[in-house]
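K.L.:
So the protein lines, in turn, are chains A and B.
When we follow my numbering, the leftmost residue of the first sequence carries the number 76, and every step to the right adds one.
When we follow my numbering, the leftmost residue of the second sequence carries the number 76, and every step to the right adds one.
Simulated from the structure, these hints should not be mistaken for laboratory data.
Incorrect hints may have been included.
Note: identical chains are not told apart, hence a pair may lie in one copy or across any two.
Below 25 Å or equal to it, Euclidean Cα-Cα: the simulated SDA-like pairs (lysine to any residue) are [as the list claims (entries may be wrong)]: (1) K303 / Q322; (2) K103 / R187; (3) K171 / V286; (4) K212 / P185; (5) K171 / G295; (6) K103 / Y182; (7) K229 / T257; (8) K103 / E186; (9) K163 / M272.
Bear in mind the structure is a predicted one, so any value in this text is a computation, not a measurement.
2 protein chains.
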Amino acid sequence: MSEIAADPSHPRYQSLLMRHRLEVAEEKGMLAGSALIAHGRGEAFDYLLGEQTIPSALAATQQALALLCSATHPVISVNGNVVALAGKEILHLAQKLNCPVEINIFYRTPERMKALLQHLNEIKQQEAIDVEILGAKPNARIPGLEGPRANCTKEGILDSDVILVPLEDGDRCEALVSMGKTVLVIDLNPLSRTAQMASVTMVDELSRVIVNMNAHLDSGQQVVENKKYSNNETIQRALQHIAAYLQS
Amino acid sequence: MSEIAADPSHPRYQSLLMRHRLEVAEEKGMLAGSALIAHGRGEAFDYLLGEQTIPSALAATQQALALLCSATHPVISVNGNVVALAGKEILHLAQKLNCPVEINIFYRTPERMKALLQHLNEIKQQEAIDVEILGAKPNARIPGLEGPRANCTKEGILDSDVILVPLEDGDRCEALVSMGKTVLVIDLNPLSRTAQMASVTMVDELSRVIVNMNAHLDSGQQVVENKKYSNNETIQRALQHIAAYLQS
Numbered sequence: 076m077s078e079i080a081a082d083p084s085h086p087r088y089q090s091l092l093m094r095h096r097l098e099v100a101e102e103k104g105m106l107a108g109s110a111l112i113a114h115g116r117g118e119a120f121d122y123l124l125g126e127q128t129i130p131s132a133l134a135a136t137q138q139a140l141a142l143l144c145s146a147t148h149p150v151i152s153v154n155g156n157v158v159a160l161a162g163k164e165i166l167h168l169a170q171k172l173n174c175p176v177e178i179n180i181f182y183r184t185p186e187r188m189k190a191l192l193q194h195l196n197e198i199k200q201q202e203a204i205d206v207e208i209l210g211a212k213p214n215a216r217i218p219g220l221e222g223p224r225a226n227c228t229k230e231g232i233l234d235s236d237v238i239l240v241p242l243e244d245g246d247r248c249e250a251l252v253s254m255g256k257t258v259l260v261i262d263l264n265p266l267s268r269t270a271q272m273a274s275v276t277m278v279d280e281l282s283r284v285i286v287n288m289n290a291h292l293d294s295g296q297q298v299v300e301n302k303k304y305s306n307n308e309t310i311q312r313a314l315q316h317i318a319a320y321l322q323s
Numbered sequence: 076m077s078e079i080a081a082d083p084s085h086p087r088y089q090s091l092l093m094r095h096r097l098e099v100a101e102e103k104g105m106l107a108g109s110a111l112i113a114h115g116r117g118e119a120f121d122y123l124l125g126e127q128t129i130p131s132a133l134a135a136t137q138q139a140l141a142l143l144c145s146a147t148h149p150v151i152s153v154n155g156n157v158v159a160l161a162g163k164e165i166l167h168l169a170q171k172l173n174c175p176v177e178i179n180i181f182y183r184t185p186e187r188m189k190a191l192l193q194h195l196n197e198i199k200q201q202e203a204i205d206v207e208i209l210g211a212k213p214n215a216r217i218p219g220l221e222g223p224r225a226n227c228t229k230e231g232i233l234d235s236d237v238i239l240v241p242l243e244d245g246d247r248c249e250a251l252v253s254m255g256k257t258v259l260v261i262d263l264n265p266l267s268r269t270a271q272m273a274s275v276t277m278v279d280e281l282s283r284v285i286v287n288m289n290a291h292l293d294s295g296q297q298v299v300e301n302k303k304y305s306n307n308e309t310i311q312r313a314l315q316h317i318a319a320y321l322q323s
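This is chain A alone, in the form it adopts within the complex:
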């Protein structure tokens, strides 16, 4: 990371910090080959949002948090980019929610699983966090998916009622929804299949969402589900925001 990026007042500090975290993760073997291209796509959509949490995304975040808080078996499913970009923040969130984190990656290799587990366990130690990390020994499968990408654990994803899956692939989002789960996703592209199919779509940058969730829980403010919540409206508002930005 350049010297400029070490200064939090630099306008591109957050963006450069995220790139730095990906570089570290790349060196540790945590990322899939498509990780950096996927991150670049996200950067472009975040640029069109003005690199900020828009009001409709904050409302979706509060809705997602309310659903996690009232869940019977909540779980947070993480992949390589999620662990790289917001591993620490996710573990703090899981601790506050008292739920497990499951490593669930699309391109599964023993080396990547090991690197991701090790990274999360290092953070747990450094931050004195007590959260269960699942996924090392899959003992169940997500119906409707083929190959290693269907692997999951019974006590985590399979038995969950509410699942937070940031940066999820479209096929897996669809499979989880088909299982009857409440699926909460974070996706900067409001037109993606994942964004369109999820129960709640936070059109926002991953680390901003998790920081907002942690801040909300720390504030002691009530987290109340909005019974009239419309995810279609959330997506429409994101699209309107981007279109207005482009034409301003």
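Please arrange chain B on chain A, whose structure you already have, making use of the hints.
P.N.:
Leaving out everything else, chain B in the frame of chain A:
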């Protein structure tokens, strides 16, 4: 590249082909660390264009081609991503235009320069193309830039009147415009500093643009400069296209 991607009728064939070319280039040491993230950003904007050449981009491409054809000293400046994604097509274009290609990279290392030169020379041999490749031994500097990124050659970039610089950085685009050159850029982000500052901005995917230019020259059709061309209008039309796509 997956088997699906080997089938040109696959809807994502072009996109997967470009990723494959980047993978090959990465293995050859041709790319900068930021290359894949930059490509991902481009993918997102191309997605918003519908992965097609929109009419205003085709008009800008014809304008750029007319300016290249009527130039006294045209040059094509290429970086790692350009060589990776469209090296062959660029060399064919340079041959048709009878102009040199100059390798000019932002993050300059001897290893990357060597890998890029080797890749272009391999294509020249395979395709029996006779084009001068400049950049190996810089003997001039672009005024207004600091460090190795200012390096260029006198017989190429420095003395050119019209320069095609696909995927250019904002600072360098600005420096070239300040030198009084006609600067033709290809940039999928119509809001980027590069897009805003260039003489002609083709808001389109690199390989589509070069294929279109080659096809136009091969067709024998006249290439005539539009004296009333407005680059601001080109950019506005791209923004309108994306905004309409988002709201459709």
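K.L.:
None of the hints should be skipped; say for each whether it holds.
P.N.:
Hint check:
Taking the shortest Cα distances, K303 and Q322 sit within 25 Å of each other only across copies (23 Å), while inside one copy they are farther apart (31 Å). Taking the shortest alpha-carbon separations for K103 and R187, both the intra-copy value of 9 Å and the inter-copy value of 24 Å come in at or below 25 Å. Proximity of K171 to V286 under the C-alpha cut-off of 25 Å is restricted to the intra-copy arrangement: shortest distance 12 Å within a copy versus 55 Å between copies. Taking identical chains as interchangeable, the C-alpha atoms of K212 and P185 lie at most 25 Å apart only when both belong to the same chain, with a minimum of 11 Å there against 46 Å between chains.
Only within a single protomer do K171 and G295 lie at most 25 Å apart by alpha-carbon distance; the minimum there is 12 Å, versus 69 Å between protomers. Taking CA atoms no more than 25 Å apart as the test, K103 paired with Y182 passes in both settings, with 16 Å inside one copy and 23 Å between copies. Taking the shortest Cα distances, K229 and T257 sit within 25 Å of each other inside one copy (17 Å), while across copies they are farther apart (63 Å). Both within a single protomer and between protomers do K103 and E186 lie at most 25 Å apart by alpha-carbon distance, with minima of 10 Å and 24 Å respectively.
Proximity of K163 and M272 under a CA criterion of 25 Å is satisfied in neither setting, with 28 Å inside one chain copy and 40 Å between copies.
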